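Engineer: Keeping their order, the protein sequence lines are chains A and B.
Numbering of the first sequence is given in numbering that gives the first Met the number 0, commencing with residue 0 and proceeding in unit increments.
Numbering of the second sequence is given in numbering that gives the first Met the number 0, commencing with residue 0 and proceeding in unit increments.
It cannot be assumed that every hint is accurate.
[What the hints assert, rightly or not] Derived pair list, reagent style DSS-like, types lysine-lysine, alpha-carbon separation capped at 30 angstroms:
#1 128/A <-> 168/B
#2 231/A <-> 108/B
#3 255/B <-> 353/A
#4 254/B <-> 353/A
#5 171/B <-> 215/B
#6 58/A <-> 168/B
#7 55/A <-> 108/B
Hints listed in this document are in silico derivations from the structure and should not be mistaken for laboratory results.
Values in this document were obtained by computation on a predicted structure and should not be read as measured data.
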Amino acid sequence: MIGGLVLPLLFLAMTLQAQMKVQNDLDTVKQKVSTLNDKVAGVEERLATAESDLAKLTKIKLSGYIQAQWVNYEASNVYPGNYFMVRRARIKFTYEPINGIVFVLQPDFQPGNITIKDAYARANDPWLKTFSLWVGKFNRPNYEVEFSSSSREVPERSRVIRAIYPDERAIGAKLEVTPPKFPLKFQLAVFNGNDGIATPDANGNLVVLQNIDYDNYKDLMARLTYDFKLGKWGGLTIGAHGYYGRIKANSLTALNSDYTYKSTLENLGKSVPKQWFGVEAQFYADVLGGLSIKGEYITGVNSIPGITTSASAVTSTNVIKNDTLWMTTTLTKTSNSTPAITKSFSGWYVYLTKNIGKRNQVAVRYDWYNPNTKLAADQIGTAKYDASKTTKDPNPVKTFAGNVATVTQTDNVYTSKLNSGTSDIPYGTWTFAYSYYFTDNIKFMIAYEMPMNKKVGTVGANGNGNVVSAYTVNGVTSAYDYSNVIKQNVLTVRMQVKF
Amino acid sequence: MKNSRKLALIASIVLLAVIGFAFMPAPKKITVKGSDTMVILAQKWAEIYMKSNPDVIVQVTGGGSGTGISALINGSTDICNSSRALKSSEMDKLKERYSSLGIEIPCAKDGITIFLSENNPVSELTIKQLGDIFSGKTRNWKAVGGPDAEIKLYGRENSSGTYVFFQEKVVKGDYAPSCQTLPGTAAVVNAVSKDIYGIGYGGAAYATGVKHCKVKKDDKSQAYLATAETIAKGQYPITRYLYMYMRNRPTGDAKKYIDWILSADGQKVVTEVGYFPVK
Chain A
0 MIGGLVLPLL FLAMTLQAQM KVQNDLDTVK QKVSTLNDKV AGVEERLATA ESDLAKLTKI
60 KLSGYIQAQW VNYEASNVYP GNYFMVRRAR IKFTYEPING IVFVLQPDFQ PGNITIKDAY
120 ARANDPWLKT FSLWVGKFNR PNYEVEFSSS SREVPERSRV IRAIYPDERA IGAKLEVTPP
180 KFPLKFQLAV FNGNDGIATP DANGNLVVLQ NIDYDNYKDL MARLTYDFKL GKWGGLTIGA
240 HGYYGRIKAN SLTALNSDYT YKSTLENLGK SVPKQWFGVE AQFYADVLGG LSIKGEYITG
300 VNSIPGITTS ASAVTSTNVI KNDTLWMTTT LTKTSNSTPA ITKSFSGWYV YLTKNIGKRN
360 QVAVRYDWYN PNTKLAADQI GTAKYDASKT TKDPNPVKTF AGNVATVTQT DNVYTSKLNS
420 GTSDIPYGTW TFAYSYYFTD NIKFMIAYEM PMNKKVGTVG ANGNGNVVSA YTVNGVTSAY
480 DYSNVIKQNV LTVRMQVKF
Chain B
0 MKNSRKLALI ASIVLLAVIG FAFMPAPKKI TVKGSDTMVI LAQKWAEIYM KSNPDVIVQV
60 TGGGSGTGIS ALINGSTDIC NSSRALKSSE MDKLKERYSS LGIEIPCAKD GITIFLSENN
120 PVSELTIKQL GDIFSGKTRN WKAVGGPDAE IKLYGRENSS GTYVFFQEKV VKGDYAPSCQ
180 TLPGTAAVVN AVSKDIYGIG YGGAAYATGV KHCKVKKDDK SQAYLATAET IAKGQYPITR
240 YLYMYMRNRP TGDAKKYIDW ILSADGQKVV TEVGYFPVK
């Protein structure tokens with residue numbers, strides 16, 4: 000009987016003990032799960048913060064490239080004639096805090112010289128996805144200017160582009176219209192207009208102003224391009240661009256392109272024109288790999304401001320004549336002026352580029368630039384303007400006191416002249432280049448540029464031309480005579496790393 | 000003397016082996032990268048093609064249309080799959096780097112399907128309603144004839160061509176910040192199947208375990224499901240081409256592979272996977 004009770008009780012006790020143990024284990028598990036939950040919640044919170052921080056970082060993009068090269072100049076006026084150099088060392092910071100608003104900053108870290116190449120803000124319209132407004136310093140709207148140096152098939156831009164768009168960038172504002180479903184692009188920009196151009200300061204020194212305008216005149220620029228798809232023939236882009244601007248003359252005399260007198264200006268702040276027009280085309284075809292033919296022709300007028308400086312000097316002379324002491328005080332007012340000149344110019348370039356496989360690219364370019372189309376070759380060196388004159392005071396003030404005569408007079412020395420010369424010489428340049436893309440980031444280029452000046456000027460009886468430029472290298476002075484073609488070829492071996 | 004003979008023999012064998020390996024035909028490899036929407040289709044094409052062409056290796060990876068286009072530009076893929084057309088900025092990069100406009104090959108058609116939970120009573124939406132939903136202007140199902148509950152949005156990452164196409168065609172602006180971005184249409188389908196108040200978009204080929212929502216151009220139009228017929232007739236309003244892009248006109252093995260994709264056999268695979276043939 001007792002045994003019959005003990006056994007169920009024992010079983011009950013054991014069951015209860017087991018249940019209590021399970022309960023305890025369950026509580027422990029619950030506690031552990033709860034702790035784990037807290038930990039996961041903590042990790043999630045930290046992850047959310049990290050994700051939020053990371054999301055901010057993804058709005059910043061870094062890109063850039065370095066171009067290091069060895070150049071060998073065949074021109075005898077260049078010393079050293081060959082050297083290694085860092086042509087570009089740029090990092091581009093792009094920050095897009097919200098979709099469509101972009102800030103770009105691109106410094107160039109050349110050894111010994113850090114400059115800001117790009118610094119602009121761009122706002123894209125979020126509704127039509129068609130318009131964008133740019134403000135700051137950015138590329139001028141032109142095909143070769145906007146085509147990055149890191150992608151260009153040859154070492155340098157064409158001579159005409161370097162002449163009219165020095166430094167490529169300009170400070171101003173731009174409206175860009177790119178309808179998403181229409182292969183058209185229109186750019187309208189307003190710039191200070193003096194970017195990269197050396198302009199005279201009050202002392203007559205030529206300086207390149209940074210971040211400030213040279214005058215109150217603003218320059219307008221517009222470019223329109225349209226893409227055609229030619230089916231199996233490839234594609235064609237045609238376009239045109241125009242520049243309408245003025246620059247402070249800084250001289251009271253303005254000259255025509257042929258160095259003849261054009262007009263007298265009211266004051267130094269009056270302007271002279273910078274106006275040109277260009278047409279462009281780029282054709283792409285697939286002929287056993289990519290092939291492109293690209294070209295542009297630009298013509299118009301470009302003005303170079305004058306230089307005007309003035310000075311005064313007082314001299315005294317004492318002379319005894321017929322028992323009278325003549326004391327003469329002369330105030331000499333000197334005015335030196337280089338007139339402003341407006342030159343008609345034209346220039347063009349054509350590229351032929353062939354890609355062979357993924358890695359090889361060969362390119363040939365011919366470019367032509369005539370900085371003064373109004374002067375024939377034999378007029379360069381002869382055409383000149385000279386209105387210099389010296390005027391003595393017609394009515395000097397004379398006073399007499401006994402045997403002493405005092406004379407006070409004011410003389411004027413006026414110099415105003417400008418000669419045609421090397422700045423008017425037309426150039427044609429052949430460039431041959433081969434690029435090898437080791438990877439997409441690393442490119443090697445070997446290029447040979449052959450600039451050829453047009454033979455200009457007149458040759459005298461002694462066989463020497465009248466358009467010369469003297470130079471001194473290692474203490475030896477020589478001169479280029481531009482009645483000949485001057486050898487000035489350049490060999491460039493370049494390595495580029497882009498990221 | 001014996002040693003030197005042995006050495007000469009070993010050297011000759013090694014030399015012959017090296018020369019032999021050098022002249023051994025390397026396996027022909029075609030790399031394909033890009034659209035996640037197209038990745039199943041591309042894998043299927045590759046699998047079938049490699050069976051009948053064992054000397055060719057077709058390597059397929061996804062990553063999104065944008066990733067594929069970048070790979071095409073930087074030269075790390077032969078073929079780029081893209082569920083959207085090339086942007087002009089991308090074409091400019093091809094021009095700069097390869098003097099080429101690239102070659103566009105439409106290889107399939109797709110209807111972007113709207114996925115709803117099978118338990119969601121809503122069964123059709125207009126393009127405008129979808130735009131409002133995905134831009135965050137409409138946040139409650141009640142506004143489009145559903146229950147009084149918050150709408151949960153599921154979409155693709157911004158590297159996806161589907162993301163870009165849907166944004167341009169339907170959202171016409173920015174996506175709502177609450178839209179959860181997921182890596183691949185399969186992930187979108189999976190998320191919507193588990194969320195009664197969820198809505199997502201993606202390629203039709205992935206749509207299993209969810210309800211397809213009918214779509215109509217506007218209130219007055221008829222609503223259509225994305226089917227071969229409605230897409231072929233142009234009735235389904237959110238349709239697009241799926242493309243393959245190459246830097247230049249295909250030659251050699253790549254040309255043979257693309258010719259096969261565009262052949263009846265290749266286009267049959269398109270239908271099997273759930274997309275719609277171009278021919």
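Engineer: Take the hints in turn and mark each one as holding or not.
Structural biologist: Hints, one by one, checked against the model:
Distance check on the hinted pair: residue 128/A and residue 168/B sit about 13 angstroms apart at the alpha-carbon level, within 30 angstroms; holds. Of the pairs offered as hints, the one joining residue 231/A and residue 108/B holds, with about 22 angstroms between alpha carbons and a cut-off of 30 angstroms not exceeded. Simply put, residue 255/B and residue 353/A have alpha-carbon atoms about 25 angstroms apart, close enough for the 30 angstroms limit, and the pair holds. Using a Cα cut-off of 30 angstroms, the hinted pair residue 254/B and residue 353/A holds, with the two alpha carbons roughly 21 angstroms apart.
Straight-line distance between C-alpha atoms of residue 171/B and residue 215/B comes to about 16 angstroms, which keeps the hinted pair within the 30 angstroms bound. As the CA atoms of residue 58/A and residue 168/B are separated by approximately 25 angstroms, the hinted pair is consistent with the 30 angstroms bound. Taking the CA atoms of residue 55/A and residue 108/B, the gap is about 37 angstroms. The hint is violated against a cut of 30 angstroms.
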